[in-house]
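Novice: Protein sequences, first through last, are from chains A and B.
First residue of the first sequence? That's 1 in our numbering, and the numbers climb one at a time after it.
First residue of the second sequence? That's 1001 in our numbering, and the numbers climb one at a time after it.
Just so you know, the hints here were simulated from the structure itself, not pulled from any lab data.
Just to be clear, a hint being listed does not mean it is correct.
As the list claims (entries may be wrong) - Listed below are the simulated EDC-like cross-link pairs for lysine to aspartate or glutamate, each with C-alpha atoms no more than 20 Å apart in a straight line:
(1) A:LYS93 to A:ASP75
(2) A:LYS351 to B:ASP1307
(3) A:LYS351 to B:GLU1334
(4) A:LYS270 to B:ASP1274
(5) A:LYS270 to B:GLU1123
(6) A:LYS93 to A:GLU42
(7) A:LYS270 to B:ASP1211
(8) B:LYS1043 to B:ASP1149
(9) B:LYS1043 to B:ASP1087
(10) A:LYS270 to B:ASP1024
(11) A:LYS351 to B:ASP1149
(12) A:LYS270 to B:ASP1207
Claimed, not checked - Stretch by stretch, here's where chain B covers chain A in the computed footprint (C-beta under 8 Å, at least three residues):
(13) 132-144
(14) 215-222
(15) 271-283
(16) 312-318
(17) 339-352
Quick caveat, the model's predicted, so the values are computed rather than measured.
Positions of the beta carbon are idealized from the N, C-alpha and C atoms, including for glycine.
Below, each chain spelled out in residue letters.
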Amino acid sequence: MSAMLEVRGLTKHFPVRRGLLRRVVGQVQAVNDVSFDVNEGETLAIVGESGCGKSTIGRTVLRLVEATDGSVRLDGEQILNLSTDAMRHIRRKLQIIFQDPFGSLNPRMTVAETLAEPLLLHGLATPDNVDDKVTELLRTCGLSSFHAQRYPHEFSGGQRQRVGIARALATRPRLIVCDEPVSALDVSVQAQIVNLLQDLQAQFGIGYIFISHDLAVVRHIAARVAVIYLGRIVEEATAEALFAAPRHPYTLSLIAAAPRPDPTNRDRSKPVQGDAPSALVPPPGCAFHPRCPMAQQVCCDERPELRTLGATRVACHFAEEVVPETATPQPSATAPRLQRRLDVLQGEALKRQNAI
Amino acid sequence: MKMGEVDIEATTEPLLKVEDLAVDFHVSGTVQRALQGVSLNLKRGRTLGLVGESGCGKSVTSLSIMRLLPQPPGHYAGGRILLEGRDLLSLPEREMRALRGGRIGMIFQEPMTSLNPVYTCGEQIVESLLVHSGLSSKAAMDRAVELLDLVGLPSPRERAHDYPHQLSGGQRQRVMIALALANDPDLLIADEPTTALDVTIQAQILDLMTDLRERTGAAVLLVTHDLGVVAQTCDDVVVMYAGGVVERAPTNALFADPQHPYTIGLMAAVPRIDATVDRLSTIAGSVPPPWVTLVGCRFASRCPLADDRCRSAVPPLRENGPDHAVACWHAPIEEATI
Chain A
1 MSAMLEVRGL TKHFPVRRGL LRRVVGQVQA VNDVSFDVNE GETLAIVGES
51 GCGKSTIGRT VLRLVEATDG SVRLDGEQIL NLSTDAMRHI RRKLQIIFQD
101 PFGSLNPRMT VAETLAEPLL LHGLATPDNV DDKVTELLRT CGLSSFHAQR
151 YPHEFSGGQR QRVGIARALA TRPRLIVCDE PVSALDVSVQ AQIVNLLQDL
201 QAQFGIGYIF ISHDLAVVRH IAARVAVIYL GRIVEEATAE ALFAAPRHPY
251 TLSLIAAAPR PDPTNRDRSK PVQGDAPSAL VPPPGCAFHP RCPMAQQVCC
301 DERPELRTLG ATRVACHFAE EVVPETATPQ PSATAPRLQR RLDVLQGEAL
351 KRQNAI
Chain B
1001 MKMGEVDIEA TTEPLLKVED LAVDFHVSGT VQRALQGVSL NLKRGRTLGL
1051 VGESGCGKSV TSLSIMRLLP QPPGHYAGGR ILLEGRDLLS LPEREMRALR
1101 GGRIGMIFQE PMTSLNPVYT CGEQIVESLL VHSGLSSKAA MDRAVELLDL
1151 VGLPSPRERA HDYPHQLSGG QRQRVMIALA LANDPDLLIA DEPTTALDVT
1201 IQAQILDLMT DLRERTGAAV LLVTHDLGVV AQTCDDVVVM YAGGVVERAP
1251 TNALFADPQH PYTIGLMAAV PRIDATVDRL STIAGSVPPP WVTLVGCRFA
1301 SRCPLADDRC RSAVPPLREN GPDHAVACWH APIEEATI
């Protein structure tokens, strides 16, 4: 059985031009030989730090940026070489949610107009029933019908992201690329949007490519995680395996560097040193070797291929030797008092809701 | 286990004391509240976290302490900001300018916009040293290199001649910290110092700040939205919501025993990297906009426990434990409260 979305050997190099004649003087190797699958109703997270190429992967899959090489199959159909016309039908099935919904919504269109456009364009509604469809979409995304006649600037960040999600949902897509969808939101709103995305997935069986730099959110939402460093997948595994037993030193340092909201568990270990190298001149061998505490001569000479190790795919010469420094005893997720008080608050909220 | 009101200020005199600070914004003929009754204390050698979501007033508080709030539209409507007993709000601008970059060091979120792009990193530190300490230019340059070394910039003598755009984000933030530390400040104000940085770089910078605080003994006011950063670096925390303080406690006490419904909701909404839950907890509704006049508790519109008293009377910040104060009529929340 093949996956809903199959990405094989995806590569994107951006030419760097300089001078009067705009001669190509180099290539930014944004994405290199990236392969992954996304199944129906599944979330694959793509994580990495700024400039690692994670957004470019999402955009290349949607053909918002044309790939240099590789293949992308949606339900078995190769889409990278489709004509613009043929691609238009595919676009119905592939949607995107951006980090900044304000930048991605037309400020001169009401929400109703924004949502009606794709519905009419793809023949999913007729002018007679489009209003009902728009209202239904808004309801699905936790907004009300009175939001329809408003403009994007009248919404808060969280509501705007709901509009962005409704817009993506309008064409009943198979796959949504979520490009840092909650990074600009406050934590309480972030939780609302994450829950909404999960509800929609359960309801409609949508596959997500969830691009994020926030490992805590990723752990919560993703079934599988691909870690990107300098345009290449360095590790891919189920979320469970990746967080329990990271195999790549970079994954390990990412997980270690995330600040835990727990003052009794203060991290005293030294964080990984240095900055990410430039994608214009990637270091020879393993791209992580200049920062890697485990690096040996072979890491500078030879780029490790992505290989299978148990249930994990990892690109490291010494993956077998990577062990989490401190096998942290699973802390109770929430302090007992916090949990008890939260239960009181939620119980009361529920009681009031039922009373209405 | 309610205790009487205890005067904790009596023990050691804090370096910075903010009392009942109120700030308004005058926008097109209307008065919008930014801060109401904000009080906090910061002692030498301690790190105080000022935490809250966008629009809660945490940055307005830090800008007010530096007197960098643009006026107009900003307007100090009441209260005092005492640095070792001197009220900063009544200081003439000239004296204030001597404090900034001198006894008060500042680190901002975006080092690219807060460093001057047309001067080298070294020159900017030298300028601050010349203005505040009267060193010779040669001595100042040596000191600048020393500072860049202190903040862990590799080959500092060469980097001193680099312009900000030649450095990476993490390196720029290191230069910013060197600049803030140039004149041995007593108070370091860091407004979201790591928010624009990648997580591995954030860890480096937080490490550096903790290390430097231990070495210099400065007091640090850390403004952040990230409870993880607070838990890892702060001694004490002030939680703000909609322009006011809702809870104030030592970090350990706040995380082990959060009292305000907002603090509880916020902590429960944070996804954890070290644990999994089926569904994230959320706080219903959204923050009241600044033009809405608040009667009663500022969290009442979103609080599941809100009753008539909450909607009509402002709960005072009451001590509910050692150094632990909360502004909630229902605190401490137990089964018996409701």
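Novice: Now look at each hint and say whether the structure bears it out.
Specialist: Here is how each hint holds up against the structure:
no. : hint                   : in the structure
1   : A:LYS93 to A:ASP75     : 10 Å, holds
2   : A:LYS351 to B:ASP1307  : 14 Å, holds
3   : A:LYS351 to B:GLU1334  : 16 Å, holds
4   : A:LYS270 to B:ASP1274  : 19 Å, holds
5   : A:LYS270 to B:GLU1123  : 31 Å, violated
6   : A:LYS93 to A:GLU42     : 15 Å, holds
7   : A:LYS270 to B:ASP1211  : 12 Å, holds
8   : B:LYS1043 to B:ASP1149 : 28 Å, violated
9   : B:LYS1043 to B:ASP1087 : 16 Å, holds
10  : A:LYS270 to B:ASP1024  : 43 Å, violated
11  : A:LYS351 to B:ASP1149  : 59 Å, violated
12  : A:LYS270 to B:ASP1207  : 8 Å, holds
13  : 132-144                : violated (count 0)
14  : 215-222                : holds (count 5)
15  : 271-283                : holds (count 5)
16  : 312-318                : violated (count 0)
17  : 339-352                : holds (count 9)
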